[in-house]
Amino acid sequence: MTTPLGLGVLAGAILSGTSLLYATLGETIVERAGIVNLGLEGIMLIGASVGFAVTVASGNAWLGLAAAGAAGGLANLLFGWLVVARRANQLASGLAMMFFGFGLSALVGAPYVGAVITGLPKWRPAWLASLPWVPGSTLFNYDILTWLAVPVAVLVWWALFRTRWGLGVRATGESPAAAFASGRNPAVLQFQALAAGGVLGGLAGAHLSLSLTLTWAEYMTAGRGFIAIALVIFSKWNPLRAIAGALLFGGAEALQLQLQARGADVSPFLLEMFPYLLTLLVLLAWGGARRLAAPASLGRTFYGSQ
Amino acid sequence: MKKRLGSITLSALALCLAARPAWADTPRLVIGAVYVGGVNDYGYNRSFHDALTQVARDVPGVKLLEAENVPESGEAERVMESMIQRGAKLIFPTSFGYQDSARKAAKRHADVCFEYAGDGDATRNFGVFFGSTQAAWYPMGVAAGKMTHSNKLGFVIGLPIGYALGNVNAFELGARSVNPRAQTIVVVTGGWSDKAKEAGAANALLDQGCDVVGMHVDSPATIIQTVEARGAMSIGFQSLEARALAPRGWITGLGFTWTPFFTQIANSVIAGRFRGAAVYQGLGQMVAVAPFGASVPADVQKLVNAAATKVAQGFNPFTGPLKNNLGGMVLPPGASVGADQMGDMNWYVEGVVGKVR
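As they're listed, the protein sequences go chains A and B. Taking the numbering used here, I'd label the letters of the first sequence as residues 1 to 306. Taking the numbering used here, I'd label the letters of the second sequence as residues 1 to 357.
No wet-lab data here; the hints were simulated from the structure. Note that the structure is a prediction, hence the values are computed from the model and not measured. Please note that a few of the clues may not be correct.
[Unchecked claim] Over 10 Å on every C-beta distance to chain B, these chain A residues come out as not near it, computed from the model:
hint: 1; residue: Leu95
hint: 2; residue: Phe140
hint: 3; residue: Trp158
hint: 4; residue: Ala159
hint: 5; residue: Arg162
hint: 6; residue: Phe180
[What the hints assert, rightly or not] Pairwise CB distance ranges (calculated):
hint: 7; chain 1: A; residue 1: Val116; chain 2: B; residue 2: Asp344; range: 34 to 42 Å
hint: 8; chain 1: A; residue 1: Pro125; chain 2: B; residue 2: Ala335; range: 53 to 61 Å
hint: 9; chain 1: B; residue 1: Asp344; chain 2: A; residue 2: Trp158; range: 58 to 66 Å
hint: 10; chain 1: B; residue 1: Gly231; chain 2: A; residue 2: Arg300; range: 51 to 59 Å
hint: 11; chain 1: B; residue 1: Leu159; chain 2: A; residue 2: Arg262; range: 17 to 25 Å
For each residue, glycine too, the CB sits at the ideal point set by N, CA and C.
Extracted from the complex, chain B is given alone in its bound form (with noise of 0.2 Å):
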């Protein structure tokens, strides 16, 4: 779980000062937004960010509370609490370690609607939602396999936990789809937020010849601009912005795109018809392909919009026969592992480099 400490008695402050002179014209719907860490850090966190001050400023009389680098803690319950004091109708408490904050919440003030960034049930006035990586991850191998010219792609995780072994399997699955000798070797830093570790990951994997390298961290920007500085390329995850990071390395990438789904939700708590569900999307719909670098030819944009596409309408990259990397069939003929199941995955496809446990 990641720790937050400070910072948040401040963002509190400011949030208070901030909120009051806008009540003049009463607002339809207040918005409280939670944070575990700053929405600049080109990754999870900005994503959120953009996509409510995006719904803000769309949605007529939608005012967002936002409070960063709120700690997984009893503090995440008292910031929700003092948003809800505010005006807060609906709440995004946008990190997996604020569930039990969040549902306490939610049980105390049923006239306030809650939209959980994680897993588990959905209640009347507690949604849960997520965006389904694994799958999309395919086509993001696809841009992989075709612009590696050693063949050796690098993927950095931060824990071997199912979620982030599905997307680096449908990363090898993509690549091998368009280039059969392509291998993802896998680095695991030990934790989400080790920016020394992730430095020390991404040079490894160039030192090893990688010349394309993705990642499942928090945020990106470490690696992307590590294996930027030596002049290789990246695959950017979390936030479509991280493309900045590297003006010559970037080839694409896979970003959240919450909007949709958050304006529907503002939308239906401002009608008072809300009701809580249980949302996982993929691709084409909280999920989106970043915009290309330069350095990609047309023909391979082409053949990865292609394969988004495919993702986007069904195609399932966890579907039988597949072996895994130690020579053990995993999936016979027809049987596949769904997006829901992605929590359990435990086994590495073959083609990639590196032990699960």
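In isolation and in its complexed conformation, chain A is listed as follows (with noise of 0.2 Å):
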């Protein structure tokens, strides 16, 4: 039985998309409090190898689960200390982090290259298996990772835009000194922001080894850190537009693989430029307009206001 195009782009998009939703939603929280992390790639690496580690070595993936958050949480805190307490340049330090990443997370992964686990447990309610075309394929089949995906970006949003940590956040990412004149110290509100984004791109490295591939490669993440990062733009530091984005883009790659196998007369070369061909009509469309714009201080370093 084949499954329909749409449902099986969908399936796809629902897959591939998770890893980017949680890491949109890591770097969204980090970028409203005005710090740009380009070693997001890295962060999801780390959390990627050490969750899988933690896995083969305790037998337990839920332990490498949260292994994976932790380290992605402490890894972007080493960031903070570079760019909040040290000020070092956001853009350098993020590529430097990236690197540490790639390296970190080969190092840690090289013993368990090739390590068999079983991975983070699905489930697929039973009133969902009945429906059409359901048993056939991977929908409604999910590990928890990908059912509390849209849940967490609804959390992600309502702690932004809804409590007054959020608006310290926001505040900070727009004018630290503002921030910092109503009575919030802007070096804890990013650390905070940090903390939050890493544990969240940490738990986006670890869907991919833990429940998509079921295993460790080096450099796994393949580009997917830097696609969440432009998600954030297309999500205009949206929280809830990123679910939309996040399903846009695992939808991309789900739509090229889905093609081939429906022998699709397009050339593969061509299909596979796909989502990064979508990701620069994006950045092309929305750039300009200012009122898509970024929190105002993004980048920028917050010399303190004495």
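Since each chain sits alone in its own frame, please combine them into the complex, following the hints.
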């Protein structure tokens, strides 16, 4: 039995969109606090390899998941020490973090290459399994990260836009001086945002190694961290729009694989470029419009307002 | 080209530390093996590691030095140099991208023999070898053609290079020899090790109704496990050990069996008779059929074994008349494509669903 193209793409979009969404949400929090972390790719890799290593060593994927989140958070705090405490250049530090992530994840993961894990358990509720086409597809057969992806996006939105903490984070991103003047500590808020964002980035990596592929391979993120950074712009720094963005980009990757499997008369090389073309188009379309702009102090170092 | 970062310094360090004490009983031959990945990848690197471990066990007085995750850069040359300093007289650079490093080291050390897994010219102390897998996929196709219920076979490849197309084509030819309705659907991921895309590619093929999936990527682990989780069947590649990943859906697979060739090379170096040559061997020599899965009926096993024997005895599936999947005649009656011309293959045989470029 064949799954219709739309359902196949949707199923693939959800699977590859999950890690994109967590990574995008993490970067959104961080950028809302005024910090660009170009090292997201490295954070994801650290999450993927630490999560896999702990899962193999302990035999428990839940421990692996927790370790991945913790490792991502710690890595982002290290980045925070550079750019917030030491006031280093964010772009240069971000790239350094990325390469640090490449190396560290390779080192941590090397002894575990080829290890076999059972991975995060998946559930498919019985009433969903009776829908047409569902049993023969991956639809609704998800691990906890996929099931919770949308709720987490809503939670992040709520935290950023409906809590005092979120107001402080956003104020820091717009104008750290104003946030400081209103009695907030921009540095503390930025560290908190970085920790939360790092945890989400680590979980994004863990979804790749502990659920989607059940393996660790060097540089297995293959650019997904950078797509997530583009998705933050695509979603206009809004966690709810990020859901649509992650689905769209996950769908672009799924579409090129699904079209090939359908024997579509398109060059595989052309299909290969599709997600990246989409990225370029989105940046082009969004670029320039001031009302879609980034947090006003994004990427700027706050030297205090004494 | 594969890029490997990190961890090499550690493995080199471990190698230095591990090598020391064993010098007490001076070995007759020290072999150095350089791997591009980890040796537990259920794939390419493991095939070399298993074979060389076997040689070290079988041939008296052989000692093995190994370095994993060595990037295909100047780093590889440094690793080989350090192995030579530790007494290695035979070096196996096992990845295609080590060619330049290995040739440079071979020029500097005329007394050290090299066996490079790739292609190019052989010299006195520089041998070239590889397993020809293309024709060996023919019996895999026979297995898939007999086992499929949907008549749709899936094949995931990293990049549409000639060697990969040859694997796909022989697979389809084998399948159609026992099941004229069998189609092979190809999905290209765009890299030899993009794991998430490999999972997506396998899912896309299964969504399309494929019930048997084969692959040509670095490590078959992700694809085999994705296919297994969805209750379909798989045919493995690179290492004979991959069957452990699919207790239910494993049919069979191809793996590299380098041991006999490596043993012969090790003995020739010990005897001082080594002369570099280009050696390409296929099924029955450097390539072997993996054990069958429990679900494969005896009559299918018999057919597959018969096809494997036929290939081992010289049967070339790429013999005309053959049409490509666009309807054009690519091989007129009598013409054939030999194992040494696989790199140039740029068409899919009739029955394959896919576009080369």
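Now for the hints, and whether the structure bears them out:
| no. | hint | in the structure |
| --- | --- | --- |
| 1 | Leu95 | 15 Å, holds |
| 2 | Phe140 | 13 Å, holds |
| 3 | Trp158 | 29 Å, holds |
| 4 | Ala159 | 28 Å, holds |
| 5 | Arg162 | 33 Å, holds |
| 6 | Phe180 | 40 Å, holds |
| 7 | Val116/A with Asp344/B: 34 to 42 Å | 38 Å, holds |
| 8 | Pro125/A with Ala335/B: 53 to 61 Å | 58 Å, holds |
| 9 | Asp344/B with Trp158/A: 58 to 66 Å | 59 Å, holds |
| 10 | Gly231/B with Arg300/A: 51 to 59 Å | 54 Å, holds |
| 11 | Leu159/B with Arg262/A: 17 to 25 Å | 20 Å, holds |
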